[in-house]
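There are 2 protein chains.
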Amino acid sequence: MARVTIKDVARRAGVSFQTVSLVLNHPEKVARSTREMVGATMRELDFVPSLAARSLRKKPSRSIACVFSVGAQPYDDVTGMMQETYQGIVLQTFAHVTDRHGYTLVHRRWNAGEPDGLSRITSLVSEARVDGMVVLADRRDDPLIASLRAKSVPFFVFGLDVPEASFAMRAERDAVRQIVGYLVRTGCKAICFYKGERDGRHLPAVADRLSGYREALAAAGLRPRDDLVVPCDWSSESGYRTTLRLLRRAPRPDAIVAANDRVAFGVLKALHEQGVRVPDEISVVGFDNLVQCAYTVPRLTSIEVPTLEMVEFAVTTLIEMIEGVRAPHDPAQKLYPGRLVVRDSTRPFAEARR
Amino acid sequence: MARVTIKDVARRAGVSFQTVSLVLNHPEKVARSTREMVGATMRELDFVPSLAARSLRKKPSRSIACVFSVGAQPYDDVTGMMQETYQGIVLQTFAHVTDRHGYTLVHRRWNAGEPDGLSRITSLVSEARVDGMVVLADRRDDPLIASLRAKSVPFFVFGLDVPEASFAMRAERDAVRQIVGYLVRTGCKAICFYKGERDGRHLPAVADRLSGYREALAAAGLRPRDDLVVPCDWSSESGYRTTLRLLRRAPRPDAIVAANDRVAFGVLKALHEQGVRVPDEISVVGFDNLVQCAYTVPRLTSIEVPTLEMVEFAVTTLIEMIEGVRAPHDPAQKLYPGRLVVRDSTRPFAEARR
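Residue numbers (the working numbering), protein chains in the order written: chain A, 1 to 354; chain B, 355 to 708.
Since the hints were made in silico from the structure, they are not lab data.
Possibly wrong hints are sitting among the right ones.
[As the list claims (entries may be wrong)] Taking lysine-lysine and the BS3-like style, the derived pairs with C-alpha atoms no more than 27 Å apart in a straight line are:
id, chain 1, residue 1, chain 2, residue 2
1, B, Lys505, A, Lys59
2, B, Lys361, B, Lys413
3, A, Lys59, B, Lys361
In isolation and in its complexed conformation, chain A is listed as follows:
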């Protein structure tokens, strides 16, 4: 049922897929006998070159676009946006990896609320300025994803699991289970979870993370409490203010799981100002493991995400689709487990003897 790919042709013809690609794109560079044999195999297998492979025959741009969905609401806080550290890291990593693959990176923001927003993005492909796209979206029903799918454009979703699409994402539920499980083993019972949302937009991962949080509590026999799930956006400022509010409540929680490291930096600051000892009174855990975690007071426990590996996988997969080596209907999907990096903002636990 699966579409016949260049790989299938190559396997049957007993040549490399690069040779098949050459036959398609630069037949003049291939010996006539090989050309004829590969051509016969293509006919035999009823092979139809993909859109991508055909566009290679015109002129590949050797460019891929990295498109950040900025949601239906325009992002009004420009400074906040510019200093969105994790996005900056992802973007720089894509630049580095595409470069190493001999591709050029085109970067666009995509705002579903903007008139012509969608056509401005897809025109990058229709005008052959990019060969494929990496999409960083908030929602599985992002119209850009639907549009790329309808147009058979090679695309890859980064950071979100979209059925039948190629994607790389963190195993968010598992990561939070790890964090909460660790906190429980250090004796924490009232574990506060900062959600990561703003103006109705939330991190794509929030639902998964909440599940992980609830599962870990259940596994420890702890009752989930709605008052411990706290709204908070992704900024240090929000982490700071949310924590000041939280401290006015009684009883206080004994741990805070922040939506990301930047939020956790604000949490630490608020606790320090209020004279709350970390981790003796309250433990704090971040998310992303930014370099900066090693320099806070106290140093921040966080969960490491293999961003470079994820980007490598995204770029490699996308290039396979662009070059016709991977069929569009054969998505490559990977979940990346996080690695908890324990520092000084959480307590050690007495390891049970085994």
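Fit chain B to the supplied structure of chain A, relying on the hints for placement.
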């Protein structure tokens, strides 16, 4: 002596420069009488359409490239590079601003040590994939700048003053003079300066900053001491280690001016670990004013750089060059003064009465 521009033609002909541009690029859209009149004015002024204006007649890409020079040595520390916060901010700001101007951002790294590196970058222009380039270079003699100049490609240098080129840069010397002047007025005398260099590469601004440092000391009647000018790279780790080494020396300095905020974060951490009180014993000042400065313990005094304004100026100027409104030999150059943001890592001073 200056090259005749579209603007000159428009002024003489008494029409808008958009009309002149239309005559050049879409003459069919202009009334015949206007076309003939503008044409006569062009001949009269001996006007030669610029390369950019001529390329508009083909097909503008409506794209600009943002090229980061990564120096002659390849950057081996990928994680460090990815988390290069200031570069991430600059890149995201360019993406935001080019977007608002209806342009697409292409991002490349350029490594002078790589074979074909230069031609891989300039081919973006020769293949008409971008209309112009913003270059973030370390050195005024960066071969990319010379090459773009030789090819009459519209380009803009960001963060470095290159004679006869359009550029935006921070007034580095002035910024350090402000910082050191402030420290002196708070009673500091042994002011340590962390240089910002690595493997022979240094921040383009280092020489300017050193001048500012020495001028401020001289103005205060303080003797410059070579042992207070300390090598350090741009990472928190380097700030941390350099400070630990520094503290083993006697006598200790009473202030540290870090190469950037990330370095300062490492400085604060080392001082905290060693029980040195900030600012009572040692004052610390960063550079860039990252959001994070408000959340360190103590909060970090730093110097704010108007990145958004600088990027706006870069993109606007480059588009003027691309569209032929600004002649290549009429560079737009701006120095941006920093604004010192005093927080808790430096002491207040008693303002002298005037």
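Structure-based check of all given hints:
no., hint, result
1, Lys505/B / Lys59/A, "holds (24 Å)"
2, Lys361/B / Lys413/B, "holds (21 Å)"
3, Lys59/A / Lys361/B, "violated (36 Å)"
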